[in-house]
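**Student:** Now for the letters of each chain:
There are 2 protein chains.
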Amino acid sequence: MKEFELINRYFKGRGITRRDVNLGIGDDCALVTVPENCQLAITTDTLVAGVHFFDDIDPRALGHRALAVNLSDLAAMGAEPTWVSVALTLPNIDVEWLEEFTEGMHEIAEYFNVQIIGGDTTQGPLTITICAKGTVPAGKALRRSGAKVGDWVYVTGPLGDAGLAIEARKQDIKIAPEHLRYVNQRFDYPTPRVAAGQVLRGLASSAIDISDGLVADLGHVLAMSQVSACIDVNKIPTSDAMRATLDKNQQLPFILNYGDDYELLFTVTDSNKNMLEMKLRQYGVDAACIGQIKSGGGEVELMLDGEKLAYDDAGFEHFTKESV
Amino acid sequence: MKEFELINRYFKGRGITRRDVNLGIGDDCALVTVPENCQLAITTDTLVAGVHFFDDIDPRALGHRALAVNLSDLAAMGAEPTWVSVALTLPNIDVEWLEEFTEGMHEIAEYFNVQIIGGDTTQGPLTITICAKGTVPAGKALRRSGAKVGDWVYVTGPLGDAGLAIEARKQDIKIAPEHLRYVNQRFDYPTPRVAAGQVLRGLASSAIDISDGLVADLGHVLAMSQVSACIDVNKIPTSDAMRATLDKNQQLPFILNYGDDYELLFTVTDSNKNMLEMKLRQYGVDAACIGQIKSGGGEVELMLDGEKLAYDDAGFEHFTKESV
Numbered sequence: 479m480k481e482f483e484l485i486n487r488y489f490k491g492r493g494i495t496r497r498d499v500n501l502g503i504g505d506d507c508a509l510v511t512v513p514e515n516c517q518l519a520i521t522t523d524t525l526v527a528g529v530h531f532f533d534d535i536d537p538r539a540l541g542h543r544a545l546a547v548n549l550s551d552l553a554a555m556g557a558e559p560t561w562v563s564v565a566l567t568l569p570n571i572d573v574e575w576l577e578e579f580t581e582g583m584h585e586i587a588e589y590f591n592v593q594i595i596g597g598d599t600t601q602g603p604l605t606i607t608i609c610a611k612g613t614v615p616a617g618k619a620l621r622r623s624g625a626k627v628g629d630w631v632y633v634t635g636p637l638g639d640a641g642l643a644i645e646a647r648k649q650d651i652k653i654a655p656e657h658l659r660y661v662n663q664r665f666d667y668p669t670p671r672v673a674a675g676q677v678l679r680g681l682a683s684s685a686i687d688i689s690d691g692l693v694a695d696l697g698h699v700l701a702m703s704q705v706s707a708c709i710d711v712n713k714i715p716t717s718d719a720m721r722a723t724l725d726k727n728q729q730l731p732f733i734l735n736y737g738d739d740y741e742l743l744f745t746v747t748d749s750n751k752n753m754l755e756m757k758l759r760q761y762g763v764d765a766a767c768i769g770q771i772k773s774g775g776g777e778v779e780l781m782l783d784g785e786k787l788a789y790d791d792a793g794f795e796h797f798t799k800e801s802v
Numbered sequence: 479m480k481e482f483e484l485i486n487r488y489f490k491g492r493g494i495t496r497r498d499v500n501l502g503i504g505d506d507c508a509l510v511t512v513p514e515n516c517q518l519a520i521t522t523d524t525l526v527a528g529v530h531f532f533d534d535i536d537p538r539a540l541g542h543r544a545l546a547v548n549l550s551d552l553a554a555m556g557a558e559p560t561w562v563s564v565a566l567t568l569p570n571i572d573v574e575w576l577e578e579f580t581e582g583m584h585e586i587a588e589y590f591n592v593q594i595i596g597g598d599t600t601q602g603p604l605t606i607t608i609c610a611k612g613t614v615p616a617g618k619a620l621r622r623s624g625a626k627v628g629d630w631v632y633v634t635g636p637l638g639d640a641g642l643a644i645e646a647r648k649q650d651i652k653i654a655p656e657h658l659r660y661v662n663q664r665f666d667y668p669t670p671r672v673a674a675g676q677v678l679r680g681l682a683s684s685a686i687d688i689s690d691g692l693v694a695d696l697g698h699v700l701a702m703s704q705v706s707a708c709i710d711v712n713k714i715p716t717s718d719a720m721r722a723t724l725d726k727n728q729q730l731p732f733i734l735n736y737g738d739d740y741e742l743l744f745t746v747t748d749s750n751k752n753m754l755e756m757k758l759r760q761y762g763v764d765a766a767c768i769g770q771i772k773s774g775g776g777e778v779e780l781m782l783d784g785e786k787l788a789y790d791d792a793g794f795e796h797f798t799k800e801s802v
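One line per chain: the protein sequences are D and U, in this order. Under my numbering, the very last position in the first sequence is 802; numbers go up by exactly one each time. Under my numbering, the very last position in the second sequence is 802; numbers go up by exactly one each time.
It is worth saying that the hints were derived from the structure and are not from the lab. A portion of the hints provided could be inaccurate.
Unchecked claim - Cross-link-like lysine-lysine pairs, in silico, DSS-like; alpha carbons within 25 Å at most:
id : chain 1 : residue 1 : chain 2 : residue 2
1  : U       : 626       : U       : 751
2  : D       : 757       : D       : 626
3  : D       : 490       : U       : 751
4  : U       : 751       : U       : 713
5  : U       : 490       : D       : 618
6  : U       : 480       : U       : 490
Stated by the list, open to error - Footprint (simulated), chain U over chain D, 3 or more residues, beta carbon under 8 Å:
id : segment
7  : 496-506
8  : 603-613
9  : 617-625
10 : 713-724
11 : 737-747
Beta carbons: idealized from backbone N, C-alpha and C, even for Gly.
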């Protein structure tokens with residue numbers, strides 16, 4: 479199959495068509511129109527075989543995941559996802575694999591009303607780079623730098639499930655079949671918190687998505703905001719699967735350091751706390767308050783059963799940690 | 479070196495700062511503002527080691543090239559390049575290599591007033607994917623689909639030099655040192671025809687950049703425009719280096735089929751021809767008229783010394799042709 483055939487068959491004319499796309503796949507560039515009084519939010523994430531995913535990953539899950547991790551970054555800014563460019567490097571043309579992969583990608587794109595407007599297909603080691611764009615009302619984007627002393631710290635859902643899925647594949651973890659199904663689903667088909675991100679606009683003081691682990695990503699917010707935080711580990715939400723599989727101490731590395739859950743972490747001022755919780759309930763977002771911002775130089779203080787927890791704070795870091 | 483250090487050292491705070499970038503490297507997304515009454519042009523190109531470049535390529539040239547090929551696509555739309563996202567997959571951290579690579583990239587970015595607003599750095603086989611964005615007055619973008627019967631066909635500069643550079647490295651081609659220097663420069667440091675693209679807005683009826691070879695890329699224009707073309711091979715501009723190194727027949731595959739020159743190919747109506755030539759001269763763009771659009775179904779008719787030339791019309795095609 480030639481490159482043009484591949485693009486025609488798996489990308490062009492498939493998926494949704496947005497009215498703000500003036501020219502889609504097939505020319506030197508795509509052309510789009512950004513609404514007035516909006517800023518454009520842009521993010522790029524690369525997934526490399528053997529580094530970010532197992533070689534035997536279900537291609538449908540990979541297609542979903544490659545887009546989901548990018549939409550998660552848009553969610554963390556409070557942006558509405560609109561258009562994506564897909565750069566796909568393939569070792570060879572495997573029609574069955576491509577069918578599944580693109581189906582997974584088109585599915586989540588359609589769900590979030592995102593149009594694939596272009597990209598590049600090349601031959602080489604399996605790598606997927608997506609550049610996702612979204613729009614946000616001017617001045618309303620959520621940044622990492624806005625957390626202030628006294629703000630409350632929240633997460634939008636249970637942490638550690640993706641890590642549990644990875645470790646269950648690597649180690650001999652005793653996990654019930656229904657729980658394994660659940661954590662595998664959480665890892666393979668992460669849900670970017672796009673609606674939550676938009677609810678947070680104008681209410682949260684800072685936000686980030688948890689891709690590298692709670693402690694590491696909270697650390698980014700604290701560093702950019704020049705504050706510290708105290709987190710009550712008992713308040714970090716966990717799934718039934720997590721609680722049924724591991725005891726409290728075993729859970730710690732999963733909920734504190736493992737990434738890939740793609741929940742949002744955000745902060746809110748005390749005066750906005752009630753309003754925010756009401757709005758989140760209204761939109762069906764089940765967020766948990768896990769701690770508070772305090773003065774300091776970027777430290778994460780972890781409290782467990784009323785006592786300070788001494789803990790290694792390394793999140794997932796490319797080039798330093800063993801890959802999955 | 480950790481990922482954050484790498485980004486801080488080689489990307490953040492280096493290069494130019496545009497006023498329309500509201501938030502650059504360092505958050506979940508970048509934030510930019512698109513001017514009113516402008517469309518956004520978006521393009522993505524991937525370069526894979528061993529496929530798109532020799533493994534021993536000068537890293538400075540690679541940094542230049544990775545950005546240049548993307549800016550060339552923006553040029554072909556008549557867009558003004560503004561922002562780029564850089565996804566860099568590296569087998570390891572080689573400080574010297576990175577210094578040269580990013581220097582080459584920052585250099586061309588600065589020349590074209592483009593800001594690197596974000597990206598991703600990952601570990602894996604050397605691959606560079608850039609997503610470049612530019613702005614173009616609404617409705618003024620140059621497309622592949624606008625060529626009409628009777629329009630004149632132009633190219634913005636000599637063709638085949640990059641191919642000659644590649645073949646000189648692979649084969650025993652007798653080439654004078656000064657000519658070798660010239661073609662190597664053309665291949666290693668291609669110049670995207672950004673100014674020419676902007677001059678063409680409102681005057682050219684279609685445009686494309688020649689990345690896959692004249693015949694192949696003209697073919698894309700013809701297919702999208704549902705016309706054919708007759709090209710006078712004698713009128714295709716060539717460099718002194720080309721004419722001094724190869725005879726007319728030997729030149730054919732280079733000027734007709736080899737890509738990587740990144741000149742623009744465009745068409746213009748007979749009534750706009752004089753105005754366009756005047757404007758191009760005014761801006762110092764040395765374009766050559768090489769043929770004319772005629773009715774038909776996408777065929778490229780090549781005339782050499784008044785006779786039809788039978789010729790294989792395959793351009794550079796990923797997944798089918800041997801890589802460089």
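**Student:** Confirm or reject the coverage of the segment 737-747 of chain D by chain U under the rule of 3 or more residues with a beta carbon closer than 8 Å to the chain's beta carbons.
**Tutor:** It is violated: at least three residues are needed, and the segment 737-747 of chain D offers just 0 whose Cβ sits closer than 8 Å to chain U.
**Student:** Taking 8 Å as the Cβ threshold, is the statement that the segment 603-613 of chain D is covered by chain U upheld or broken by the three-residue rule?
**Tutor:** Since 6 is at least three, the answer is holds.
**Student:** Quick check: do three or more residues in the segment 617-625 of chain D have a beta carbon closer than 8 Å to a beta carbon of chain U?
**Tutor:** Since 4 is at least three, the answer is holds.
**Student:** Do three or more residues of the segment 713-724 of chain D come closer than 8 Å to chain U, measuring C-beta to C-beta?
**Tutor:** violated (count 0)
**Student:** Between residue 490 of chain D and residue 751 of chain U, is the straight-line Cα distance small enough, at 25 Å or below?
**Tutor:** Violated - the C-alpha atoms of residue 751 of chain U and residue 490 of chain D are around 34 Å apart, more than 25 Å.
**Student:** Would you mind confirming whether the straight-line C-alpha gap from residue 751 of chain U to residue 713 of chain U stays at or under 25 Å?
**Tutor:** Holds, at about 17 Å.
**Student:** With the threshold set at 25 Å, check whether the alpha-carbon distance from residue 490 of chain U to residue 618 of chain D stays at or below it.
**Tutor:** Holds. Residue 490 of chain U to residue 618 of chain D sits at ~23 Å (cutoff 25 Å).
**Student:** Using a Cβ cutoff of 8 Å, are there at least 3 residues of the segment 496-506 of chain D near chain U, or does the coverage claim fail?
**Tutor:** holds (count 5)
**Student:** Keeping to a limit of 25 Å between CA atoms, is the pair of residue 480 of chain U and residue 490 of chain U held or broken?
**Tutor:** Measuring from Cα to Cα gives roughly 14 Å; hence the hint holds.
**Student:** Keeping to a limit of 25 Å between CA atoms, is the pair of residue 626 of chain U and residue 751 of chain U held or broken?
**Tutor:** It holds: about 13 Å lies between the C-alpha atoms, which stays within 25 Å.
**Student:** Measure nothing beyond the straight line between the CA atoms of residue 757 of chain D and residue 626 of chain D; if it is 25 Å or shorter, mark the hint as holding.
**Tutor:** Status holds; Cα separation ~21 Å.
Checked against the numbered hints given earlier, the structure breaks hints 3, 10, 11 and satisfies all the rest.
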